[in-house]
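All chains should be built: construct the whole structure from the sequences, respecting the hints.
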Amino acid sequence: MTETEKLAEFEARIARGEKIEAGDWMPADYRKQLVRMISQHGHSEIIGMQPEGAWITRAPSLRRKLVLLAKVQDEAGHGQYLYHAAESLGTTRNEMNEKLLNGRAKYASVFNYPTPEWADVGMIGWLVDLAAIKNQTMLSFCSYGPYSRAMIRICAEESFHHKQGKEMIVRYVTGGTALQKEMAQNALNRWWWPTLMMFGLPDGQSTNSAQLSRWGIKTKSNDQVRQEFINEIVPELQAIGLAIPDPDLTYDEESGNWIHGEIDWDEFWQVVKGNGPLNAERLATRQAAHDSGEWVREAVEGYADRQRTRHAEAEKMVSSS
Amino acid sequence: MMSWAVFKQAAASRPHQMVGSVHAADADMALLQARSVFARRPRAVSMWVTPMASTLTWSHEDAEQLLTETPPLDSLDIRSDAEKSEVWQVFRKVGKSRSMTFVDHVGVVDAASADSASDDNGDITPPGMDDGMDDDDGSINPPGMDDGMDDDDDG
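Residue numbers (our numbering), protein chains in the order written: chain A, 1 to 321; chain B, 1 to 155.
To be clear, the hints were calculated from the coordinates, so they are not data collected in a lab.
Just so you know, not all the hints are guaranteed correct.
[Claimed, not checked] SDA-like cross-link-like pairs, simulated, lysine to any residue; straight-line CA separation at most 20 Å: (1) A/LYS65 with B/SER13; (2) A/LYS273 with A/LYS163; (3) A/LYS163 with B/VAL90.
[What the hints assert, rightly or not] Here are the in silico distance ranges between beta carbons for each label pair: (4) A/GLU3 with B/ARG92: 41 to 49 Å; (5) A/ASP264 with B/ARG92: 32 to 40 Å; (6) A/LEU249 with B/GLN65: 53 to 61 Å; (7) A/TRP25 with B/ARG92: 16 to 24 Å.
[Stated by the list, open to error] Just so you have them, the derived chain B footprint on chain A, three or more residues with Cβ under 8 Å: (8) 54-62; (9) 142-149; (10) 194-200; (11) 268-282.
Don't be surprised by glycine CBs; every beta carbon is placed ideally from N, CA and C.
Here is the structure:
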């Protein structure tokens, strides 16, 4: 088959709804785009442990602490699922880690914002994790098998995260003290806009989108997924009496959509370029964790080497006796 | 660190299914990692890890070719050479739909090489008959951890 025929067959497979697997023929650009997307998605899970992880030692009750511990541990696992999916395309864990630490690979900008109050943990669960579920549900239908499977696995766990955040905020707002209610409103004010930015640039401005959708990597546009999110979350936030920090937010009777005001894309680009509130701190924390894990990696390698040597010596003794 | 393929069995009546991979220096640590990444939720009754480097995979194109071409003669008579014959675990991707797992364990074959093992579709011993695995070796998750998530879902 010529390259053109291979491409035609590849696109026909995607059109038939078949999943592309690791060893299958694929265009170089398909592989490249997937490695970029999946590794950055993995980095987002790993960096995403930090904003909430910072609160584990200060959780207000044992119950909240256990929930948060389990959640942050889930994020670590999600990073593993995703790095595995990226590795199936030929990149390595070390390459990905290096690109994250030297700033060449990006991760979700939303994790560069600070979590100054406890309610941020709940608001991240309710808003950021719901946004992640919307995006990841879309990606679970993507044409690349390993990525799709990682998404299904992650979405199942992500729904726990979403529920724990919602439960926390609803409790503070509807049954809590004035201070707890204020804390929840402040958290919404901080996370609303960064969450809307998570879905990426508006449809006309997103440069990668056309090819990604032709190859079945993205099965919905940025604006479509953002709209799904807004339509679900706005009535829920309003039902418990929280004020959404967007004076231009309106309901469009005809389409049944909630229409948001202008998103500050300058801020988005500033954070993407590394000038967000905590970009430097997030990477420094990741680098420190990597460095302080060095002795563990050395120790397990040393132990495995010794076991192999012993095993080989024992085999030799058996065969020579 | 080596890469290890992880196979998980969700219930005694079900095949081992490939769920992903982990990085570890040795098999014991790979199993430990696999348990914490893939068996916290949903549950598992058994898990295997194998070095990724010792798996041979056949792609979509290879499979198509296999169907249209006659296998080379030497691969048809592999078991006459008992000296070189080894046991190979065979996994197959059973559907094209959206799923949480990759391939299912379909059985074992005796063959001289991975290549001839994958050609030998006719004589696979189904799992549970002669695979030496004990299905009743206890649950990896303590009872009560099952959250109703099921790896076998298509959809």
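Each hint tested on the structure:
1. As the CA atoms of A/LYS65 and B/SER13 are separated by approximately 37 Å, the hinted pair breaks the 20 Å bound.
2. The suggested pairing of A/LYS273 with A/LYS163 is violated, with an alpha-carbon distance near 32 Å, which exceeds 20 Å.
3. For the suggested pair A/LYS163 and B/VAL90, the alpha carbons sit about 40 Å apart, so the restraint of at most 20 Å is broken.
4. In this structure, A/GLU3 and B/ARG92 break the distance hint of 41 to 49 Å, their C-beta atoms being roughly 29 Å apart.
5. A hinted range of 32 to 40 Å is violated for the C-beta pair A/ASP264 and B/ARG92, which are about 51 Å apart.
6. At roughly 57 Å, the beta-carbon separation of A/LEU249 and B/GLN65 lies within the given 53 to 61 Å, and the hint holds.
7. At about 20 Å, the CB distance of A/TRP25 to B/ARG92 agrees with the hint of 16 to 24 Å.
8. For the region 54-62 of chain A, the proposed coverage by chain B is not satisfied: 0 residues have a C-beta within less than 8 Å of a C-beta in that chain, short of the threshold of three.
9. Check result for the region 142-149 of chain A against chain B: holds, 4 residues qualifying (beta carbon to beta carbon below 8 Å, three or more required).
10. Look at the region 194-200 of chain A against chain B: 0 of its residues bring a Cβ nearer than 8 Å to a Cβ of that chain, fewer than three, so the hint is violated.
11. Requiring three or more residues with a Cβ within less than 8 Å of a Cβ of chain B, the coverage given for the region 268-282 of chain A is violated, as only 0 such residues are present.
The structure is inconsistent with the numbered hints 1, 2, 3, 4, 5, 8, 10, 11, although it conforms to all the rest.
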